[in-house]
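S.K.: Model the full assembly from the supplied sequences, consistent with the hints where possible.
One-letter residues, chain by chain:
Number of protein chains: 2
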Amino acid sequence: MDKAFPRLRARDDLFTSFINHMLQSKLFYKTNKPSFASELRTGEEKSAISNELLVNAGFIDQLMAGVYSFLPLGFSVLKNVENIIRKNMIDAGGQEILMPVLQPKENWIKTGRWNNLDVLFKVNGSGDKEYALGPTHEEVVSPLAKKNVFSYRDLPISVFQIQTKFRDELRAKSGLLRTREFLMKDLYSFHANQEDLDKYYEKMIKVYFNIFKELGIGKQTYLTLASGGTFSKYSHEFQMVTDAGEDIIYICNKCKTAVNKEIKNETPACPNCSSDSFVEKKAVEVGNIFKLGTKYSLPFDLKFKDSDGSEKPVIMGCYGIGLGRSIGAVVEASHDEKGIIWPKEIAPFLVHLIEINPSTGSGQAKKVKATAEKIYQDLQKQGIQVLYDDREDKSAGEKFAEADLIGIPYRIVVSEKTLAKNSVEVKERNKKSTKLVKIKQLSKLFK
Amino acid sequence: MDKAFPRLRARDDLFTSFINHMLQSKLFYKTNKPSFASELRTGEEKSAISNELLVNAGFIDQLMAGVYSFLPLGFSVLKNVENIIRKNMIDAGGQEILMPVLQPKENWIKTGRWNNLDVLFKVNGSGDKEYALGPTHEEVVSPLAKKNVFSYRDLPISVFQIQTKFRDELRAKSGLLRTREFLMKDLYSFHANQEDLDKYYEKMIKVYFNIFKELGIGKQTYLTLASGGTFSKYSHEFQMVTDAGEDIIYICNKCKTAVNKEIKNETPACPNCSSDSFVEKKAVEVGNIFKLGTKYSLPFDLKFKDSDGSEKPVIMGCYGIGLGRSIGAVVEASHDEKGIIWPKEIAPFLVHLIEINPSTGSGQAKKVKATAEKIYQDLQKQGIQVLYDDREDKSAGEKFAEADLIGIPYRIVVSEKTLAKNSVEVKERNKKSTKLVKIKQLSKLFK
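Protein chains in written order, with the working numbering: chain C, 1 to 447; chain A, 1 to 447.
Don't take each hint at face value.
No copy labels: a pair is met if it fits in one copy or bridges any two.
Unchecked claim - The calculated SDA-like cross-link candidates involving lysine to any residue, where the alpha carbons are at most 20 Å apart (straight line), are:
1) K105 / L120
2) K282 / D247
3) K30 / D301
4) K122 / M64
No wet-lab data here; the hints were simulated from the structure.
As the structure is a computational prediction, the values presented were derived from the model and not from experiment.
M.R.: Now the structure itself:
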């Protein structure tokens, strides 16, 4: 057997091949000066602060209402969010698949949603054919499961995808918080009985809170009871409290479970602990889980042979998280008047290295640049993701303002002044203080 | 500064969080018995052998004509292909972005393609609005570049995405070789002058051949001259020779450059070396690169200020590879009458571990299972991706036939017979011979 394993090498490369270092002079982006001052923003305007920050800092670009491109900085954040979600889904036993955007009209007729789902985009094809542009995938995953699930031995099983969805939202106005095209993680679980679904569903609530914790919005996010449809009393939304939210939730002061407006109107006491003391908050829905029961297995004839030989319909659950919306929510939760403050876990880079040049061409300028370049290389060797502001035509003030706007966790400045002390200046984005660190000590900083 | 770097940990996790080990009894898939016998297949039927293999082995599922889901095995291959392409694009200086599927009608009117591109899917939205379902992204990337490119200092620059595209192909019948919804890598390059584009274009030809080599189809793939439009004499297709191909190419016997049918009819001699000796072959296009010149920069007013202060239109190039089509092409190029033979670089797993149980419940059966489970754990610890056929209700014959169909590079068998010699049986999918390897030596096999 050969000893060479290109595959293992390829997997190693994969790590270093994601964007992990970049010269700012080469980066595909342009920043705009922030036009907002948060204390002056009101009502409608105020709802879009994450949008304004993400657009001004060059993370995303609006193509039309509710439709955005992710630029390199935004794409890096998106990949980090995707990987946090993927890891948690795989840990929860999910198998990753990829289902299509284009879906047959007949499947949507079968579930009655072709004419009843107002956000459904319809596509014209040749030969007067019509298709649905997938806003969700029950109409695909149910017939797919029918081809792969036959016996109780095949259950439980869960599959997920991280895939682009489409909804013709009229209210597409809050940047990534409500778009018409968006990346979503949707997991579907299949069970032999209700108890098994209930158990998995409870586990998934914990998994979701772990995801929001890793995304940096765990503390602001509340499990919120919502209407459950035919098959269970409640479904559950994960609502992040923010003034930019378009939803209203009522958080129980005693047990911290929340209910949405519909449930609050129906049930004045907390369904979890019976307390009647609530606080009302604006919030944005960052996730939603639902016990589907047999709602989709029945129309698609998805059944299995149980251990006693009888045929039964498969019991289903579904579990969604919007990736773009999560990013918007993080920025709503974590910014100041100067710009974004990224949590380390999803920041586009960990370090923003900035050279401040005294005057172009001088001996000192050369020394500053040579030192910055050396640090840039050293950080890469350590596997630290670094954006290096190597631009010579920008002032220190411009560079600092832009770094604050972009919001990378660590700022390292190399200047004539720091070099005089054989040091660099290190500042964390979420702190006021700076400190001088000896260049020789820098390699220890990230260990 | 804190010493804990969750971000670095998350990146480490990323590696292990892709599907890298799986119990076959839990895998979301079902195989069908191969219904083909390659020597008996003719004409139309023969063109779909990769489709039949990928469907029968449980890699993909057809939702409707030209539209497929990727199941866990197929998704793993897709991710491997994606990572090979991504790595090569980043090495070539590409910056990864993500542009939308939904595109404004007015951009397509502007380039004259709204009514002239017969494969364009059109979408109906609320308020009688119409959108294009992106078959390509010149209509998005050109106005996007206009917001980010202003000066000669911003050039050259290149951006790419790995993203889902839509084309209403009437001939969608060859499985992944021609679909209506497909993942594509498209890179767009922007230059200050023609010479710079020409230089980058030549470099990209080398990068493309490196990708096809890494995918395992380098030897069968030919650079093929095709019609170039207004701005250059030729564009270039990368054509892989296969009987399943719907294109005809003419390979120069002297210099091995190929031309497509259109060029062959216009120019009987080889445009590269003037030889007139060609061999005619069926082929499938796996990549295409094109010098766009100012075709899209002019309608979108994409210009830059040159070093002499004058304003000039940006010069563009575009470079595409279909991911699904590449997978179909690999299977066309690498299979036998028993099933798929995956190249190691993109195989869904590197090792297929199979336990053969003598009789359920016996002491020997327990020992076989315990040994297989130990090996399964050990391979994972080594970072080897392994599919473990732990099923107790399948015969050795069924397991071997399915392993051949799925096509994982290394098959490791644990049975009563091998255990008697403290060994396992190792076989490579693309070789006839098997050999016994001592269990103690197994850990050295993949070093």
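S.K.: The structure should be examined with respect to each hint, and the outcome stated for every one.
M.R.: Evaluated hints:
1. K105 / L120: Both, since 11 Å and 19 Å are each at most 20 Å.
2. K282 / D247: within (6 Å within a copy, 58 Å between copies)
3. K30 / D301: For K30 and D301, only the inter-copy Cα distance (18 Å) is at most 20 Å; the intra-copy one is 53 Å.
4. K122 / M64: Answer is both: 18 Å inside a copy and 16 Å across each meet the 20 Å cutoff.
When the structure is compared with the earlier hints, no violation turns up for any of them.
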